[in-house]
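S.K.: These are the residues of each chain, in order.
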Amino acid sequence: QEVTLRVHQMLPAQATIPAKAIEPWVKRVEEASGGRIKFELYPAMQLGGAPANLYDQARDGVVDLIWTVLGYTPGRFPKAEVFEMPFLVTTGEATSVAFQRFVEENAMDEFEGVKLIAVHAHGPGLFHSIDPITSLEDLRGMKIRGGSRVINDMLTRLGAEPVGMPVTGVPEALSKGVITGTTIPWEVTPSLRVAELVKNHTGFSGEQGLYTQTFAFTMNLDAYNNLPDDLKAIIDANSGVETARAFGQAMDGGDQAGLKIAQDAGNSIVTLDEAETARWKEVAQATIDNWVSQMDASGVDGRALYDRAVALVAEETAR
Amino acid sequence: MSNVAIGLTSFPILLGLIFLRVPIGLAMLLVGIGGSYMITGSLNPMLAQFKSLTHATFSNYSFSIIPLFLLMGQFAALGGLSAALFKAAADWLGHRRGGVAMAAIGACAGFGAICGSSLATAATMGQVALPELRKHGYSGRLSTGTLVAGGTLGILIPPSVILVIYAILTEQNIAKLFMAAFVPGILAAIGYLITIAIYVRFRPEDAGRLPRVPYRERFASLINIWPVLLVFFLVVGGIYFGWFTPTEAAAIGAAGTGIIAIANRGLNWANFKQALLSTASSTAMIFLIVLGAAALNSFLALSQLPQASAEFVTSQGLNPWLVLSIILLFYLVFGCVMDSLSMILLTVPIVFPIVTAMDFGLPPEEFALWFGILILIVVEVGLITPPVGMNLFIINSMARDVPMSQTYLGVLPFVASDLLRVVILAAFPVITLFLVRLLY
Amino acid sequence: MDNTMPGRLVGGLARWVAIAGGVILIVITATTVISIIGRGLIFAGLKPIPGDYELVEAGVFFAVFSFMPWCQYVRGHADVNIVTNFMSRRANAFIDIMANLLMLGAAVFLAWRHWLGMLDKQRYMETTFILRIPLWWIYASGMVGAITFIIVSAYCVARATHEFRHPEARPQMMGASH
Ligand code: NA
Ligand code: NA
Chain L
-6 QEVTLRVHQM LPAQATIPAK AIEPWVKRVE EASGGRIKFE LYPAMQLGGA PANLYDQARD
54 GVVDLIWTVL GYTPGRFPKA EVFEMPFLVT TGEATSVAFQ RFVEENAMDE FEGVKLIAVH
114 AHGPGLFHSI DPITSLEDLR GMKIRGGSRV INDMLTRLGA EPVGMPVTGV PEALSKGVIT
174 GTTIPWEVTP SLRVAELVKN HTGFSGEQGL YTQTFAFTMN LDAYNNLPDD LKAIIDANSG
234 VETARAFGQA MDGGDQAGLK IAQDAGNSIV TLDEAETARW KEVAQATIDN WVSQMDASGV
294 DGRALYDRAV ALVAEETAR
Chain R
51 MSNVAIGLTS FPILLGLIFL RVPIGLAMLL VGIGGSYMIT GSLNPMLAQF KSLTHATFSN
111 YSFSIIPLFL LMGQFAALGG LSAALFKAAA DWLGHRRGGV AMAAIGACAG FGAICGSSLA
171 TAATMGQVAL PELRKHGYSG RLSTGTLVAG GTLGILIPPS VILVIYAILT EQNIAKLFMA
231 AFVPGILAAI GYLITIAIYV RFRPEDAGRL PRVPYRERFA SLINIWPVLL VFFLVVGGIY
291 FGWFTPTEAA AIGAAGTGII AIANRGLNWA NFKQALLSTA SSTAMIFLIV LGAAALNSFL
351 ALSQLPQASA EFVTSQGLNP WLVLSIILLF YLVFGCVMDS LSMILLTVPI VFPIVTAMDF
411 GLPPEEFALW FGILILIVVE VGLITPPVGM NLFIINSMAR DVPMSQTYLG VLPFVASDLL
471 RVVILAAFPV ITLFLVRLLY
Chain C
601 MDNTMPGRLV GGLARWVAIA GGVILIVITA TTVISIIGRG LIFAGLKPIP GDYELVEAGV
661 FFAVFSFMPW CQYVRGHADV NIVTNFMSRR ANAFIDIMAN LLMLGAAVFL AWRHWLGMLD
721 KQRYMETTFI LRIPLWWIYA SGMVGAITFI IVSAYCVARA THEFRHPEAR PQMMGASH
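Protein sequence lines correspond, in order, to chains L, R and C. Throughout the first sequence, residue numbering follows the working numbering, covering -6 to 312 in sequence. Throughout the second sequence, residue numbering follows the working numbering, covering 51 to 490 in sequence. Throughout the third sequence, residue numbering follows the working numbering, covering 601 to 778 in sequence.
If you're looking for bench data, these hints aren't it; they were derived computationally from the structure. Honestly, I wouldn't trust all of these hints.
To be verified - Result set (DSSO-like, lysine-lysine): computed pairs, CA atoms no more than 27 Å apart in a straight line: (1) Lys253/L <-> Lys192/L; (2) Lys169/L <-> Lys192/L; (3) Lys647/C <-> Lys169/L; (4) Lys192/L <-> Lys274/L; (5) Lys274/L <-> Lys647/C; (6) Lys13/L <-> Lys225/L.
What the hints assert, rightly or not - Derived coverage of chain R by chain C (criterion: at least 3 residues anywhere in the stretch with Cβ under 8 Å from a Cβ of chain C; other residues may be distant): (7) 62 to 74; (8) 329 to 339.
Stated by the list, open to error - So, partial list: chain R residues that the calculated Cβ filter (under 10 Å) puts toward chain L: (9) Met96; (10) Thr107; (11) Ser109; (12) Asn223; (13) Tyr290; (14) Gly292; (15) Ala345.
We treat Cβ as the ideally placed atom computed from N, Cα and C, and that holds for glycine.
The whole structure should be built from the sequences, with the hints applied where relevant.
M.R.: In structure tokens form, the structure reads like this:
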């Protein structure tokens, strides 16, 4: 054995990505290296700091690899943020591959100073609420938890009262009525017991889901550069589009499991029809326009980036 | 040296620094940085870590509850709530033998319900009750002993800063922990009252009596403590019913006691400044320890010592109850020389994985609540066991004419009642858990 | 030595920085209460204050950093004197110098690293979640406490040295009452 690499992230070891994506990835690399690379996994922020510090922890060499939510450092990844736009996401797999390709094409400058293993997204996020949501009017005044600044902006425009809180705070807040609903993908609902806390789930017609959040799995650049060439090649072979696909697939698998639990619990799972979905898209469009104009103001062609993101997702979804 | 060995070696070094009177938080910081260097072979990880760790620690939303609870305690004292509590308790209990001491315990319990800190409760009630006790013929030994012990009710009765920190470290629900602490906290107060009753039977010369107060006056003074009940209900009830987060509840408590202080004309610029400065020094003391513990715990995680020790203890097939007893004993012994907050921050990340891996016949969450309450009590016993204990020092420094040895003697019966309570709560987890089971 | 000119200057500085932190703490308290009321009365058309959590985090961050120098000035940091009580007065005075030197080192270290962290946040234009306050502003507010902490810690080394030379100046009862 030659090198030990430390992997740090914020979720408990049994959550979807740590268990179903990072661990398999680690095993693949360890095997490919013939045991010359060994990983130490540190879940749940064991090595200290706040989740928002993770990205810099890999960049600065506090640890060797990290997995993080890009939305935890608002403003840091302005171009990559386009994948958080409403009604862009299809499946976790297709969106993740599209996102990886998008970043490689347009936003590698935002990941300067780290070795980017892969970026990815989660599957369609949707509403889980105490009272049913069958129309745009039902959402008005509801206290809904959102996970990033784009999502909170969208919730405001849709008429909800967004409450920003980490995903781990959702069960307690729901059970106490601090919030009356939350946006999350199916994937996290089992560990948060959301299907026990609320009886209503609302998704949308068509290929696209309401929103997604974006993630990055990155490595410290020195740790990468210090590897001998053959080990570097192994890391390279486990980076990029196919790794993004594996992480996206893990998310899709988690979504299926979460959906099944809600179905078995006999919950009401509503898919808004096309006419109603169109109304939501129309209102949410303002979030997209707002993002585009902010990008334009900073000298980047926001419209072109958004169109490219949509095209890539469509291309990967059709595959 | 293996990483685990480096982790183990760090403990004698840390204790050495602490016993050489290096401030505890600073010692943790130094050992954390040094240990991380030993393991990674480079200072770079810690240098990089500290670019954001100070901000991450000081701005942590969960920890922001601490200065707010401290501020609440300061305002409660300025608003005369501590004095009103003592007056009410003395009107009801003062005419009994040992009654003024019992009243002091009752007032401490009431103050504990609106104050999150043991030291603040000891200091506040000491100011109010100590002169009264001495005036009515109570010996220095009984007076100081009573108040030293009564101060711990500030922590034992929720809200409680120590429980907040335990909840954060072990990812437990603060509201449920507060619920679980409630009955043991009341038992503590009752235990102290019984202790005083027994004490004055053997040494009647240590206590005087007040004249009996007519019931009309008793009820009048009882009505005067309604703000305490209101604030307690808002803070603890608000957390339980989910009206607000614990931090928000602390803000409500601070604002509420602040408004009461203004209404009772207890607040002027001079003592307002004093309240801020007291909050400042207590807060800074706690956060330096929290920051040091962050560095130390990051190093301990790197050393893999917590996992290794958990695996070791479980692989020995020891009786869980024996392990629990050893751990509680360890806390008691160390509590005699260290402060409770540092002990919690230092040891819970190591001890908790060990005990959660064992079977005490409780579901994981209930176990975590019950264990938290047991730990809370033993570290608080540390605050009052001679020779070292912050409560001992604070109360003794207020009673200039009482030698330390008298305070030591006076507190011993209360320590005995604490130990008895630990045994009872350890043997019957249901006492701690039934309120949580009932309400959730 | 606290009664000398430098002692009073440093003490005054520490005191006022701590009071500034305390006032911010009061502001945070008020903000939180107003926000809770707004949240409770959504049905009546009121709203919680947007970004209330991040305001609390920013305010408490400034407050805690501002409290550090005051705690050091009043010898308020928790320590254990069970062993040192058996040592001579001179040995204790010497320990004071060493402990205060270590604290000065820590103060410089924290300020230096925090400063670099601030430059990072400035370079990457990170903001807070809701209100999009540039994170480096919040980091910068911590420099007030960080630099005062260095000044006070340096003074405390001088104070400990003075007390080593003049043992009668060393207070008997150490530690502030919290
Ligand atoms: Na309390
Ligand atoms: Na003690």
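S.K.: Against each hint, give a clear statement of whether it holds in the structure.
M.R.: Against the structure, the hints come out as follows:
1. Taking the CA atoms of lysine 253/L and lysine 192/L, the gap is about 14 Å. The hint holds against a cut of 27 Å.
2. For the proposed pair lysine 169/L and lysine 192/L, the alpha carbon gap of about 15 Å is at most 27 Å, so the pair holds.
3. In summary, the hint linking lysine 647/C to lysine 169/L is supported, as the alpha carbons are separated by about 19 Å, within the 27 Å threshold.
4. At most 27 Å may separate the alpha-carbon atoms for a hinted pair to count; lysine 192/L and lysine 274/L meet this at roughly 24 Å.
5. In summary, the hint linking lysine 274/L to lysine 647/C is supported, as the alpha carbons are separated by about 25 Å, within the 27 Å threshold.
6. Taking the CA atoms of lysine 13/L and lysine 225/L, the gap is near 24 Å; set against the 27 Å cutoff, the hint holds.
7. Using a Cβ-Cβ cut-off of 8 Å, 7 residues of the region 62 to 74 of chain R lie near chain C, which meets the minimum of three, so the contact claim holds.
8. Chain C is given as covering the region 329 to 339 of chain R, and this holds because 10 residues of the stretch bring a CB closer than 8 Å to a CB of that chain, at least three being needed.
9. Interface restraint check for methionine 96/R: the shortest CB-CB distance to chain L comes to about 8 Å, inside 10 Å, so the restraint holds.
10. Proximity of threonine 107/R to chain L holds as hinted, the smallest CB-CB distance being about 8 Å (cut-off 10 Å).
11. Contact between serine 109/R and chain L, as hinted, is supported at the beta carbon level, the nearest pair being about 8 Å apart and thus within 10 Å.
12. Taking 10 Å as the C-beta cut-off, the interface hint given for asparagine 223/R holds, the closest approach to chain L being about 7 Å.
13. Taking 10 Å as the C-beta contact cut-off toward chain L, the hint placing tyrosine 290/R at the interface holds, the least distance being around 9 Å.
14. Because the beta carbon of glycine 292/R sits about 2 Å from the nearest beta carbon in chain L, less than 10 Å, this interface hint is met.
15. Given hint, alanine 345/R at the interface with chain L, holds; its Cβ is 7 Å from that chain's nearest Cβ, closer than 10 Å.
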